[in-house]
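At the far end of the sequence shown sits residue 429, using full-length UniProt numbering, and the numbering has no gaps.
I should point out that these hints are in silico values taken from the structure, not numbers from a laboratory.
One or more of the hints may lead you astray.
[Stated by the list, open to error] Straight line, CA to CA, 30 Å or less: simulated DSBU-like cross-link-like pairs of lysine-lysine:
hint: 1; residue 1: K389; residue 2: K72
hint: 2; residue 1: K389; residue 2: K44
hint: 3; residue 1: K2; residue 2: K32
hint: 4; residue 1: K194; residue 2: K2
hint: 5; residue 1: K2; residue 2: K44
hint: 6; residue 1: K72; residue 2: K385
hint: 7; residue 1: K32; residue 2: K389
hint: 8; residue 1: K44; residue 2: K32
hint: 9; residue 1: K194; residue 2: K44
hint: 10; residue 1: K385; residue 2: K2
hint: 11; residue 1: K194; residue 2: K72
hint: 12; residue 1: K32; residue 2: K385
[As the list claims (entries may be wrong)] Estimated spans, in silico, between C-beta atoms of each pair:
hint: 13; residue 1: I87; residue 2: N314; range: 34 to 44 Å
hint: 14; residue 1: Q16; residue 2: P125; range: 37 to 47 Å
hint: 15; residue 1: D142; residue 2: N264; range: 31 to 41 Å
Predicted model, so just to flag it, every value in this text is computed and none were measured.
Glycine included, every Cβ here is placed at the ideal spot set by N, Cα and C.
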Amino acid sequence: MKLFARQAWVNGTWAQDVLLEANSNGLWDSVKANVTAPVDAQRKSVLIPGITDAHSHAFQRAMACLTERGSKNGDNFWRWRQTMYQIALTISPDDLREIAIQLYRELLRGGYSHVCEFHYVHRDPDGVAYADPAQMCWALVDAARETGIGLTLLPTLYMHRGFGQPGLQSDQRRFAGTPEFILDLHDRISRYAKEHDLEHQIRAGAAIHSLRAVDPASVRELAEGLGRSPLHIHVAEQTREVDDCVAHLGARPIEWLLDNVDLNENWHLVHATHTTQAELQGLARCSASVVICPTTEANLGDGVFDLPTALASNLTWSIGTDSHVNRDVSEELRLLEYSQRLTRRQRNIASNVVASSSNPEPSTAQVLFEKALQGGAAASGLPLKGFAKGQRADWFELDLSHDSFWRVPPERLLDAWVFSTPAGSLVRG
């Protein structure tokens, strides 16, 4: 494949007259700016790389908009979770495949080229293991191959109902697993990708549901057995979770991980909503990353991530659609920034933090996009860092005929896409 773009997002900035050539493995072989268009290249206008959706529960797409009813007793995350459990009990492998195909098509339309599936619905509705323990995993793999989206599949360890409460509730019975079970699923997925020559498209990792759902010994066992594959974990999403962790383990969730686990670049902490500055700085020092899910965190009333500290600490972070109330990159980035503005009563929070004498007025959209691009690549465990040699050849074209780009200068196109563009302004590559 050979593309020539009038403008493309390369190495964190706009480049002009860019020639991109991909090899037979689907990786960029050459990216050159300021060149003359070859006659055999496909002509494009403005290209941007695809972003990784670093946190997805595909089955929850089936319940998007179905929990927007109040109660005289109030509503919160824990009440929402009960509805989610009931839906999880009804989904067959065929259902999961159908839901995931719908979701992945929507993600591709929204600017995502890869998805990290935090997958814990392992067993049949009675809680019995399928004859093929990976049957629900294959439903997700089939959906990814059907749609063409990349997939990092994270079979998830879920063992306990809460801190100091061994075993699962009846409505959690489909989630049951052990470290050995999760490592076996990881190995099956890895073999599949290798046997089908899909190692740049499908990646195996694993996940720990949370510290409340997995005991410390099992956390360490899974982490040690996984090697250098991506390892994701829900952490500090709810204040109750933080309080319970302090009561049971004697430390806040991230504080406990920093002190008790060998955190490194393979660890990706999902949400990290309720944190201290010291915790985020500690994650940055050990090269772990955070996955922020702005629209889901807003939908569930979780709270607001401390983005300024993350940026000031040079902490790696990515975005995820999580429960899929939104499936569009621009809206996720927009809400991430707007939530900061609302809580701080200021503007352009992300770019204020990184402004310098050499770059006194950075673009907020460009800061958010580039950070999400690089962080998503880290969370995926694959070469997804954009338009550079050796990275996967994923791309989208901005539809400049879209009303939101009316009279927008070329250098402001990402600003328009993130802050004034509804869905439908991208053409998938």
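Evaluated hints:
Distance restraint check for K389 and K72: the Cα-Cα separation of roughly 57 Å exceeds the 30 Å cut-off, and the hinted pair is therefore not satisfied. At roughly 19 Å between alpha-carbon atoms, K389 and K44 fall within 30 Å of each other, so this suggested pair holds. For the given pair, K2 sits about 11 Å from K32 by alpha-carbon distance, which is consistent with the 30 Å threshold. Restraint check: the Cα-Cα separation between K194 and K2 comes to about 27 Å, which is no more than 30 Å; the hinted pair holds.
A C-alpha spacing of about 11 Å is found between K2 and K44, which places the hinted pair at or below 30 Å, so the restraint holds. Note on K72 and K385: the hinted pairing is violated, with a Cα-Cα distance of about 47 Å set against a maximum of 30 Å. Of the pairs offered as hints, the one joining K32 and K389 holds, with about 10 Å between alpha carbons and a cut-off of 30 Å not exceeded. With a C-alpha separation of about 15 Å, the suggested pairing of K44 with K32 holds against the 30 Å cut-off.
The straight-line distance between the Cα atoms of K194 and K44 is roughly 33 Å, outside the 30 Å bound, and the hint therefore fails. Only pairs whose Cα atoms come within 30 Å are accepted, and K385 paired with K2 is accepted, the gap being roughly 19 Å. Our distance criterion of 30 Å between C-alpha atoms is broken by K194 and K72, whose separation comes to about 53 Å. Our distance criterion of 30 Å between C-alpha atoms is met by K32 and K385, whose separation comes to about 16 Å.
Range check, I87 to N314: Cβ separation about 39 Å, and the 34 to 44 Å hint holds. Against the hinted window of 37 to 47 Å, the Cβ-Cβ separation of Q16 and P125 comes to about 56 Å, which falls outside the hint. Taking the beta carbon of each, D142 and N264 are about 32 Å apart, inside 31 to 41 Å as hinted.
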